[in-house]
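Chemist: In order, the protein sequences belong to chains A and B. For what it's worth, this note's numbering labels the leading residue of the first sequence as 1, then goes sequentially. For what it's worth, this note's numbering labels the leading residue of the second sequence as 1001, then goes sequentially.
Careful: at least some of the hints might be erroneous.
[Stated by the list, open to error] Computed from the model, here is a short list of chain B residues facing chain A with C-beta under 7 Å:
#, residue
1, Val1037
2, Val1038
3, Val1039
4, Pro1052
5, Ala1091
6, Tyr1101
7, Ala1112
8, Tyr1132
9, Leu1137
10, Pro1145
Because the hints were derived from the structure by calculation, they are not lab data. The beta carbon of each residue, even a glycine, is placed where N, CA and C say it ideally should be.
There are 2 protein chains.
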Amino acid sequence: MSGRTKEDFLREAIRVASDNVARGGGPFGAIVVRDGVVVARAANRVTANNDPTAHAEVEVIREACRTLGTFQLEGCEIYSSSEPCPMCLGAIYWARPKAVYYANGREVALKAGFDDDHIYEEFLLAPQERRYPATRLEIEGADEPFRRWAAKDDRVEY
Amino acid sequence: MSGRTKEDFLREAIRVASDNVARGGGPFGAIVVRDGVVVARAANRVTANNDPTAHAEVEVIREACRTLGTFQLEGCEIYSSSEPCPMCLGAIYWARPKAVYYANGREVALKAGFDDDHIYEEFLLAPQERRYPATRLEIEGADEPFRRWAAKDDRVEY
């Protein structure tokens, strides 16, 4: 264990965010810590990499999993310069870290022009009523992938 | 415009999902279509790539953006073999496609052991009450990345 506090780690995530602005990225950074050691650092690369999913949290989860050779971050902590957006919240659920810490609430990001609130609201709407409407179509045999999956002996559940 | 229908595209997404199971991936597939042409195909690679964010929709959005050289999918349609999970829903909001179509509802995925419902429920909880609790810590100067961002003349808003 290092002697670094949660606040120290958050300050590092904020520094990653600040540095990223100079590198042409968005003002968001995150780090993953396990047993007091930083295992991954990442920043928002949405416009820099032409990747709308490249939020700092998604990037740092991918990087930490690569480093640790796992698809789940059990026992890890995620430190993010800002409150995770709904996409990142979803990514966090699938990654299963021990805990998440952040410094700027969504109202701080909103003042800078990053509006996550409308996404939270849309989650409460039925799929077809959303801004980007999702429609279910009936397709015969649509569950074929699941039947193949169920038939596999060596499938990894997650 | 090709003569392919929405159902044809969904059948292709389902085929991508089915083929992926044989390749060691999860039973999910998605494609992105623009003006009747498939611009990207992708499948779930979570366990195969050690990447909890590698759901079919996230992967196909990344691939389509790479192909099109953009960070938003305006005018595109996303066809997914199954209803997008909350993480993918968030990714879809940031990608801004014209519309989303899917074949299997979440109850079909649930029967196969993929439970998204608990994530939807957690979205309604306060950050600290969630399964992977998110805690805001007070850090002096936490908004420094946003101040740097605001001072940039060449920032790309998104």
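Chemist: Could you tell me which of the numbered hints above are not met by this structure, giving the numbers in increasing order?
Modeler: Violated hints: 1, 2, 3; rest satisfied.
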